[in-house]
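With the hints as constraints, model all of the structure from the sequences given.
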Amino acid sequence: MTSLTYNHFFILSLIVFIIGCFGLFLNRRNMILILMCIEIILLAANINFVSASVFLNDINGQVFSIFILTIAAAEAAIGLAILVIYFRNKGEIDITQINQLKD
Amino acid sequence: MFLVGSFFLFAAFLITTCIFVIFSKNPVNSVLFLVLAFLNSTFLFILIGAEFVGIILAIVYIGAVAILFLFVVMMLDIQITTLMFNIKRYIPLALLFAGIILAEIIYLTVFKTSKDNLDTFIRSKNNTEQIGDVLYTEYFIDFQLSGIVLLLAMIGAIVLTHVYRPTIKRQNIESQNSTTAEDRVKLVKIKSGEGIKDD
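Chains P and E, in that order, give the protein sequences. Take the first sequence: its position 40, counted from the start at 1, is 39 in numbering that gives the first Met the number 0, and no numbers get skipped. Take the second sequence: its position 195, counted from the start at 1, is 194 in numbering that gives the first Met the number 0, and no numbers get skipped.
It is worth saying that the hints were derived from the structure and are not from the lab. Fair warning: this is a prediction, and the values are worked out from it, not measured in the lab. There may be inaccurate statements among the hints.
Stretches of chain E that chain P covers, calculated by requiring three or more beta carbons in the stretch to come under 8 Å of a beta carbon on chain P [as the list claims (entries may be wrong)]:
hint: 1; segment: 55-65
hint: 2; segment: 172-185
Here are some chain P residues pointing at chain E (derived, C-beta under 8 Å) [as the list claims (entries may be wrong)]:
hint: 3; residue: H7
hint: 4; residue: F9
hint: 5; residue: L13
hint: 6; residue: M35
hint: 7; residue: L42
hint: 8; residue: A44
hint: 9; residue: L79
hint: 10; residue: I84
hint: 11; residue: I92
hint: 12; residue: I94
hint: 13; residue: I97
Glycine is no exception: its CB is placed at the ideal position from the N, C-alpha and C atoms.
This is the structure in structure tokens:
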């Protein structure tokens, strides 16, 4: 294994994706960390798209990576706005208490 | 060989910073480690020749998204909470994920060896030109739609976090347009020696 192959990048993106998923399950008290874990998962998807695009010599993957970036930015803005109004109403960001919103 | 060495350096750094994002107790530290993780993935993208996406990742994520996170973390003034780490509850999940990783690595390294190599490609145009050729022709509608998504996100965030305060004086266009001259100006005839009576 002296040359860089797609397998390297695929395993790297898989590990990053699993770290993000695991953080999503592990953090039950902090809503900001959950948003950050979603960002990590989207980063893993981006790594996979871009490396596949480079190694298959097809530019469409990088274009899709730009669209993923757009959606990630929009999602972060909306998520943080929801977080701010939740904190303003409740005074905490404990996600275990968020099911009281349905009452 | 330099390429593989750099890849392993940046990949190890990326994984380490991602783990630190999850396990640090202070959310400010988490955001700063997230910035470091994005920076490392930028290096990785530039390493394999996807310069445009790498630089866009640096600008959008480090310059906008991570700083937005940092502002919110600093604004919310949350107390540092310890992680609810119940190891027994997560053992099946951890074993599942570890099994998936192990199966993928074994499948990729033993059964399926990729022959694709970076050195064989001949690029006639640079990366930004290639993306621009496709993005503004084939994906033109998608490009415009992503702009609309960003606009919707901006409007949504403003509407969600906007607080109406009646004490703040600002221009009210409806009341301005509905007033007449009689509401604002009054003609008063002053008799001599009496002055104006305030009624």
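Hints, verified against the model:
{"no.": "1", "hint": "55-65", "verdict": "holds (count 6)"}
{"no.": "2", "hint": "172-185", "verdict": "violated (count 0)"}
{"no.": "3", "hint": "H7", "verdict": "6 Å, holds"}
{"no.": "4", "hint": "F9", "verdict": "7 Å, holds"}
{"no.": "5", "hint": "L13", "verdict": "6 Å, holds"}
{"no.": "6", "hint": "M35", "verdict": "6 Å, holds"}
{"no.": "7", "hint": "L42", "verdict": "6 Å, holds"}
{"no.": "8", "hint": "A44", "verdict": "11 Å, violated"}
{"no.": "9", "hint": "L79", "verdict": "5 Å, holds"}
{"no.": "10", "hint": "I84", "verdict": "6 Å, holds"}
{"no.": "11", "hint": "I92", "verdict": "6 Å, holds"}
{"no.": "12", "hint": "I94", "verdict": "10 Å, violated"}
{"no.": "13", "hint": "I97", "verdict": "15 Å, violated"}
Of the numbered hints listed earlier, those contradicted by the structure are 2, 8, 12 and 13.
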